[in-house]
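A.B. asks: Work out the full structure: start from the sequences and follow the hints.
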Amino acid sequence: MSSIFEPEVVEVMEHSKSGPNRIETRLSSKEKEEIDREFSHYEDKASVGLEALRIVQKHRGWVSDESLQAVSAYLNIPIAQLESVATYFQLIFRQPVGKEVIFLCKSASCWIMGCNRLQKKIEEKLQIKPGETTEDGIFTLLETPCLGDCDRAPVMMIGEEMHRNLTDSSIDEIIENKTLYHAEGSGHADQSAD
Amino acid sequence: MLTNPLTNPLTKNIRGPENVATDIARYEDNGGYRGWRKALQLAPEEIVKRVQDGGLRGRGGAGFNTGLKWSFVPRGEDSPSVKYVVCNADEMEPGTFKDRLLMERDPHLLIEGMAIAAYAIEARTAYIFIRGEYALAAARLELAIAEAKEAGLLGSNILGGDFSLEVHLHRSAGNYICGEETALLNALEGRRAIPRAKPPFPQVSGLWGKPTVVNNVETFCNVPHLIEMGADWYRGLGRGEDAGSKLFGVSGKVKNPGTWELPMGTPIREIIEEHAGGMQDGLKLKGFLPGGGSTDFLGPQHLDLPMDYDAISKAGSRMGTGTIIVLDDHTCPVGLVLNLTQFFARESCGWCTPCRDGLPWVVKILQRIENGEGLPEDLDLLREQAARMGPGNTFCALAPGAAEPIQSALKLFEQDFIDHITKGCCPYL
Chain X
1 MSSIFEPEVV EVMEHSKSGP NRIETRLSSK EKEEIDREFS HYEDKASVGL EALRIVQKHR
61 GWVSDESLQA VSAYLNIPIA QLESVATYFQ LIFRQPVGKE VIFLCKSASC WIMGCNRLQK
121 KIEEKLQIKP GETTEDGIFT LLETPCLGDC DRAPVMMIGE EMHRNLTDSS IDEIIENKTL
181 YHAEGSGHAD QSAD
Chain Z
1 MLTNPLTNPL TKNIRGPENV ATDIARYEDN GGYRGWRKAL QLAPEEIVKR VQDGGLRGRG
61 GAGFNTGLKW SFVPRGEDSP SVKYVVCNAD EMEPGTFKDR LLMERDPHLL IEGMAIAAYA
121 IEARTAYIFI RGEYALAAAR LELAIAEAKE AGLLGSNILG GDFSLEVHLH RSAGNYICGE
181 ETALLNALEG RRAIPRAKPP FPQVSGLWGK PTVVNNVETF CNVPHLIEMG ADWYRGLGRG
241 EDAGSKLFGV SGKVKNPGTW ELPMGTPIRE IIEEHAGGMQ DGLKLKGFLP GGGSTDFLGP
301 QHLDLPMDYD AISKAGSRMG TGTIIVLDDH TCPVGLVLNL TQFFARESCG WCTPCRDGLP
361 WVVKILQRIE NGEGLPEDLD LLREQAARMG PGNTFCALAP GAAEPIQSAL KLFEQDFIDH
421 ITKGCCPYL
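Those protein sequences? They're chains X and Z, same order as listed. Using full-length UniProt numbering, you'd call the opening residue of the first sequence number 1 and step up by one each time. Using full-length UniProt numbering, you'd call the opening residue of the second sequence number 1 and step up by one each time.
Any given hint could turn out to be false.
As the list claims (entries may be wrong) - Examples of chain Z residues lying across from chain X (beta carbon under 10 Å, computed):
#1 Leu-289
#2 Leu-327
#3 Ala-387
Unchecked claim - Some, not all, of what chain X presents toward chain Z, calculated at C-beta under 8 Å:
#4 Asp-44
#5 Arg-54
#6 Ala-73
#7 Ser-109
#8 Gly-137
#9 Gly-148
Hints listed in this document are in silico derivations from the structure and should not be mistaken for laboratory results. Glycine included, every Cβ here is placed at the ideal spot set by N, Cα and C.
C.D. replies: Dropping the structure here:
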């Protein structure tokens, strides 16, 4: 990912402001509406920064430099401060991710219950390492700290849904179901909780 | 799970299939919001005193007397007019899974506890700072806040009186250090979540510089019944030195991992052998972390200790979150310590050197021991590193917490470390 301080990126931004096909440099009215709803909760607009990034990510899949710039301008938060928040949290993606983000819990209880073996299994099945996305753009694999479901370890979260007491065969089934779902062109991943 | 309201006030509403969220009618039918109604008829100072007398200690791990913490908030005409209550729902300690249960299955209990706390310190705004991964808990809390507002139990002029309170949910996005209360406040203000220098303590200067009380989810959940039933009753719930009941959990290779509400002071053996069903067949207990990843290992010789803050401290560990991680005799202790240290190294905020540089260094040493490439002098190096990350050398408690499993593993499982080095491989593989 290129830095927002690199000259060529600034050029792109300048260009996109004037060109007819501007790239995500502005927030949509829907995004603004959702961000505005949060304002009244806080003394200071900066508190909305993280939620605004999450809203933008929900609509755009990830937070590009342009999106970051747009949120910074809209909330009047210095871009360095917003970037320091964006890069701090594992649930904010500063790079494109797949339609299904797999958060494999690597914490102590899951480690005791065999998460490393399951990780190998997922890596072999999807042909990706943590931090990578499959060629078809469906899966991204990430390692995550404790997901707080340790009595049902090993666990993973896909999007926002939890998968517990994982075994080799349940991993096969989950991944095959997701693959099938996207092959049928059903569009976005199911974001419903649990 | 036992659900007797007299002995299990935290979990009395948690029963039945887990996809059923509690609703306010059911909650109130079961005695819900009685503590809140009673609190509104008491003077705020009286509530602080009751909580203090009840002996409730912070359930997030530090074990500080909750009422005493509240009593540090300035009061009276000269005090700041704006104050805040913040719930630390950033449960992320390795092996800890108690707050998730409370929030998903009984969200009103948390809201009621927070409302009483807000009234006690005269705060008009409260935040639940919840980790981003807890989507179901967040959804249920949003719903519960709306229900409570609709019922006149939150919002303006609560139950027709003078007190008003808004509760907001703030979803974080996954970062362990946000569990440190001053880092949490920075995150809530929209800054990078780096711990702040103390003093000033948040009770005096917290969120946006205003007096702020930060408590753990489970701590707040203890407040409604403490206020309703009184300090003496609450103290009597405990079996040992400490007051009240607590959610205890066990994970690892036991027959029946889970969470149970039990009296404070319940012996560890009872939790592991009776409630968790003992070790899986063919395995022996080699050691355990009594309260999450940042506590010192204890061994089989400690099984008869009661789960009381001071008893566990005297044995050289901490009760922490009260969720026990069991290490069995077929799992490599070096590997487990490596796993824990990798977690802490990754979650370090990078602010101070012992943590930022020390933890990755320890990971490297542990990795080479685990790979069978360790050197005899590595053990002393690890001990030295753990001591350098200890209390007093760092800005917050992350690195001292990370040092606890390392230093204790070197004592309890020293032979395992030596075997890795002399045999040139991990003997557990």
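A.B. asks: List in ascending order the numbers of the hints, as given earlier, that are violated by the structure.
C.D. replies: 3, 6 and 8
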